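Given the structure of chain C, go ahead and fit chain D onto it with the hints provided.
There are 2 protein chains.
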Amino acid sequence: MREYNVRGGCNSSNAALIWEEAAPGVWRSCIGSPEGVTPLTLIGAEPDKAALERLEPISPPLRWSDITLEEGGRNNDKLLVLPLDGKEKLYGTGLQMLRSNQRGRTRYLRVNSDPKQDTGETHAPVPYFVSDKGYSVLVDTSSIVTMHLGSTLRAADTDAVWIRDRNLDPEWKATIPSPRVEIKLPREGAFVYLFGGPTLRDTVARYNLYCGGGALPPKWGLGFWHRVPTLYNAEEALREALEYRERGVPCDVIGLEPGWHSRSYPVTCEWDGERFPDPQLFVRRMGEAGFRVNLWEHPYVSPSSGMYAKLLPLSGSHTVWGGIVPDYALPEAREVYKEQHLREHVSLGVAGYKLDECDGSELTNNAWMFPSHARFPSGLDGESMRQLYGLMFQKMTYDLYRGENRRTYGLVRASGAGASSMPYVLYSDLYDHKQFIRAISNASYCGLLWTPEVRKARNAEDWVRRMQTVCFSPLAMLNAWGDGTKPWSFPEVAEVVRHYIQLRMRLLPYLYSAFAEYREKGLPPIRAMSFELSPAQLADIEARSAAGEHEASVDTLDTVAGAYGKRKALEWDDQYMYGNDMVVAPLVEGETERDVLLPEGVWYGLESGIRHIGGGIVRVVPGIERIPVFVREGAVIPMMPPLPHVPANGAKTELHLFHFGEVPGMCMLYDDDGETFDYEHGGDGNWWRASVELDKTGKLRGRLEGEGELPPSYSSVVWHLRQTSLLEHTE
Amino acid sequence: MREYNVRGGCNSSNAALIWEEAAPGVWRSCIGSPEGVTPLTLIGAEPDKAALERLEPISPPLRWSDITLEEGGRNNDKLLVLPLDGKEKLYGTGLQMLRSNQRGRTRYLRVNSDPKQDTGETHAPVPYFVSDKGYSVLVDTSSIVTMHLGSTLRAADTDAVWIRDRNLDPEWKATIPSPRVEIKLPREGAFVYLFGGPTLRDTVARYNLYCGGGALPPKWGLGFWHRVPTLYNAEEALREALEYRERGVPCDVIGLEPGWHSRSYPVTCEWDGERFPDPQLFVRRMGEAGFRVNLWEHPYVSPSSGMYAKLLPLSGSHTVWGGIVPDYALPEAREVYKEQHLREHVSLGVAGYKLDECDGSELTNNAWMFPSHARFPSGLDGESMRQLYGLMFQKMTYDLYRGENRRTYGLVRASGAGASSMPYVLYSDLYDHKQFIRAISNASYCGLLWTPEVRKARNAEDWVRRMQTVCFSPLAMLNAWGDGTKPWSFPEVAEVVRHYIQLRMRLLPYLYSAFAEYREKGLPPIRAMSFELSPAQLADIEARSAAGEHEASVDTLDTVAGAYGKRKALEWDDQYMYGNDMVVAPLVEGETERDVLLPEGVWYGLESGIRHIGGGIVRVVPGIERIPVFVREGAVIPMMPPLPHVPANGAKTELHLFHFGEVPGMCMLYDDDGETFDYEHGGDGNWWRASVELDKTGKLRGRLEGEGELPPSYSSVVWHLRQTSLLEHTE
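Chains C and D, in that order, give the protein sequences.
Reading the first sequence from the start, the letters are residues -18 to 712 in my numbering.
Reading the second sequence from the start, the letters are residues -18 to 712 in my numbering.
Rather than coming from a laboratory, the hints here were simulated on the basis of the structure.
Treat the numbers as computed from the prediction; the structure is a model and nothing was measured.
Take these hints with a grain of salt, some might be off.
The list treats identical chains as one, so a pair stands whether inside a single copy or across any two.
Claimed, not checked - When the alpha-carbon atoms are kept at most 30 Å apart in a straight line, the in silico DSBU-like pairs for lysine-lysine are as follows: (1) Lys467 - Lys415; (2) Lys291 - Lys437; (3) Lys415 - Lys68; (4) Lys415 - Lys437; (5) Lys68 - Lys114; (6) Lys291 - Lys114; (7) Lys319 - Lys114; (8) Lys319 - Lys415; (9) Lys291 - Lys319.
Bound conformation, chain C alone:
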């Protein structure tokens, strides 16, 4: 009885699992009868097979016979079982804010708007884990998946060495390493994907490319964002925006919160006639001042909305805040949404959306969400709808803009598998700065983007630390619509904040190129350190560091603090790669110094100019005026002036190419019109090679090569060779 009833299975047969190669280095197995609507079918992105074919050919990363299908649980749930190595680390499973290495944990991948406990629940559950051995596994489903990532032991495999006496043996561990992953699949079955590597970086890239490649935002999306208080009218919003211009703080996007709707909670998606008497004029005036307008909305439609009558028969059994819950799995419901949004927003020039509250959990936050047993006309139930809702809104709004050949960049509070090609950035009502930093790192494993948005602050130090972090993230936003804080609200650090918002603008060519690499190669623009360091390199660095200071993963028994001891593991998830050549290591309020793990090579403090030898851990003591950022020696960092906003399509500015250190190096610079999808069909999207090489006299010389004399957005190039920092160039 202690052994599972082991059965192979494909389409419920008793045979061994059958795998097919779905794309180069990507294998797929059909188990049971997969659901009709899944994240991948919903997003509908074509795998970028050309890009996948450019990767080195590989063989399957696991032995097929090691992957088994078993049955367990009251409903004879299907269990997918995979082997684990002793030291293997597992990452991913969505936007996990509380830990990075998920090895030894059970992840319950339910969407949750209030994910305060480390259960796996998250705004963005992705049933996808990534091994540092260089492979990854995806279950493509709209159901809640439970992944036991080395957290279950069976009688047969409990090695006696692990059964220790807690009474006396200090080596007793609260979590015994398990040699397997057990994944509870949906009852119906699912398509399961295995992505090869050979490295972690490669396997994540394969996943992203299989999902259509990474998102390329419009350039303005990488500028600074600000959201105005919810009840501001058009004049007040414009006045607030113009204050950025007056104070010399760059800003590209102004977000409107619920107050732009004629009614909210539930919403109408119609402009309030009093606060916004002429929306078209408002959007135009904002545009003339160099601002894009982003609109907040949530899914629940008020009886006062013009869409209500049409959507009522296309909605679910339950309501939220009295609003109906449209079933956007139905094409006719999507058509109602599209027609209204095109007419009322997109055609006026609105640049994008903030898609809120598509992540509700029935268990928390005043229980506002529809229940899992809700029924929808398409046949989806509440559970599936909740798991898919964030993806549905991303896809619908993305398509709105794509149809107009305009790129968008927006915010969404729920996501899932297959979202890498969606130009949406996750955010949360949670607000722990450390967790926000970890989420930047963790999002990169799963085709997700995350913003550690800034709201209120306890004090000037908290404020400036959060502002520094957000300026080195996928979306730099101040979201203080609740309390009206501005970048200059803490006068003692206002200059520091302005400096980093300007630095974000100056680094736009660098960041935009990193996003282009995301789109074309699937490599996340901002990513966890494990993309850069192999497990062997990491182990080597940790071994060489003082053992006491840099303790590896330990479960210690502390009978006062808790019967099961505490986990102390350094996961290096409080720092991250920013593009190919920078390491960012934020500090949070109360910290005056920190350790930074630097990969092999020589690194320069981007603003300190201090030279560090990599392949180890360095300690930095920055004042509150600095966030520690490190640049690789030889790197060429493309930059531009700190303009008030990103130049519109056609406008030109100066390109500054900063080369660091004494050795040759290069970067690939991407440029295009920054706003359309023309790059997909012979537009001006292209790569330039900016290299620094030794000439015959032994001197370093910069060289920019590509189609045409200069990238289209630039009027001139200024080289800065042999830099050690940006200090002397700070605006």
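Structure of chain D alone, referenced to chain C:
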């Protein structure tokens, strides 16, 4: 599509729900094909039909046609739907530590060892809710039940009045009152019970009586408990116990932690030969000094245990800490457990158990638990086993002692439905004092007992406040085995702590009688205020109080603190009834004053002597030397001297009868041998009536009536008439 496919159903038929009267005032409906092993079948307690028949006859509290069975969700889950009134409050659903009124919440009733979020998960999930309209509903199942207690709205019933504009309307609410309960039943079906009232007090009593009545602990169980550091040997444990005697602090029970096992985590259940070379002698010496011995254990059996080989084939597919997980749904597994425990512990005089870690959740705390998909030889899966495991251990150990005609009283970290007759008290690794107080109140709705055990303290104030609370709880225990704190560890409050431990001893006749009423009438000995106050009385008191200070339930919108506002509701769950005639209103560290809701009548501060007019809210400002306790005018409180420990069966002490105030009154006093089940079959268990009446001259006179001259445990009676406090009698 928005309406459910409404189907009546009993045994899967399409007919209307059929209800049978299972006992007086208790109706049952069989839905689908209920599971074989459920909490009620497992506990196997016979309904106390005689006691139920003594209650007033009632008709069903709901119209049968208002209770419907529907289908929803991906698996065509069965939904039981019941109507709700506008202001109805709902209590219960197990040991909920984070709120009392569950109306408007969705409760996910999964056992969880680390229930930090307000999702419904708890150490003791009981799929049972209690309405303040005077009825209650139980789903008897080993599955996880999701109860939507007025937290779901449908399009058809969203009253336009609730759809407000959050932009401008301050009356907007985050939670719209829903007119129905929706309960997701187990797929298979379940027996559903409806308990009539007519009051909340009556319906809970019916539930408890249907489950076999309340537990009657041995008298020693109501004394003070202490647990010694885990690695103490026999000599050290005895020495620590004797310090209580030296310092004049009463103590009845000494608990041993994992160190008594020869190996722990997993455990052997065998005495460690070095620390306890002669267990029998140890237990005897403890007994001679007036101490009972309680043994900690958890379910997971070490390969080093003598039970291992026998239990291995009777265990589940997965292990915990390397220990096997016995399937005690199997009689042969129970037999192995019983034989070993009788031989090694019970026959030596061990008085009971602390049953730890039978409440694991696979999602938290280092993921030590077996997974929900685990399989067990009996056919149970991991989910069912987890939901039932705490009940199984209670039942097994209770039966051990019952077979010996000895009562036990113990600790357990998991419980469930039908547990009222089990002499077990819940505890938790959580440690928030406010939550601990709320749990005392909330446990009373569901046939549960709870101890707010004291462990460490931040300072003397925290310490004394916790000690005061625990002395007015079902089990008064210091559980500082981790850090070795003693009652006298904070010298500045040591006398206060001793005073309350002594007061607990003095009040034993009163508390024991309250437990006897629990056993015979199903009325919880310590209970929430709503057992005492009708909804109308409560509303009346709240209306008469200053509206600003005593705000009723409000969801306010606070856009800075959170988009959904905060819930501010006074639930009066920070105070509770202690027996029939006392209100206990603890303070926590940092509080110097508090409000207390007093029911109608005149009340005296038990130790302050202050006279309060009830039917309102009074403000008290006790020093840290006092916990506010109030006695009803006319009450007769039976007490005894603060002996070092509860007298053994046969020993006698003085009975003191304290009468409060100027009016006549009475109490019923229960007494028996305090240790055996003889009361069930013509033993000396009996009730005495202690009354104070006006004699012909108009003077108050006390009178004790019953079988025999005096209750068997007492050698004499001392009356204290017209008291206003215990002050002058304090030892």
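We went through each hint and held it up to the structure:
For a Cα distance limit of 30 Å, the shortest separation of lysine 467 from lysine 415 inside one copy, 22 Å, qualifies, whereas the shortest one across copies, 38 Å, does not. With identical chains, the CA atoms of lysine 291 and lysine 437 are never at most 30 Å apart, being 40 Å at best within one copy and 61 Å at best between copies. In the homo-oligomer, the alpha carbons of lysine 415 and lysine 68 lie at most 30 Å apart inside one protomer (26 Å), although the nearest pairing across protomers, at 42 Å, exceeds that limit. With identical chains, the CA atoms of lysine 415 and lysine 437 are at most 30 Å apart both within one copy (15 Å) and between copies (29 Å).
In this assembly of identical chains, the alpha carbons of lysine 68 and lysine 114 lie at most 30 Å apart only when taken from the same copy (10 Å versus 58 Å across copies). Taking the closest pair of Cα atoms, lysine 291 and lysine 114 never come within 30 Å of each other, the shortest separation being 51 Å inside a single copy and 41 Å across copies. Proximity of lysine 319 to lysine 114 under the C-alpha cut-off of 30 Å is found in neither arrangement, the shortest distances being 44 Å within a copy and 48 Å between copies. With identical chains, the CA atoms of lysine 319 and lysine 415 are never at most 30 Å apart, being 38 Å at best within one copy and 50 Å at best between copies.
Proximity of lysine 291 to lysine 319 under the C-alpha cut-off of 30 Å is restricted to the intra-copy arrangement: shortest distance 13 Å within a copy versus 67 Å between copies.
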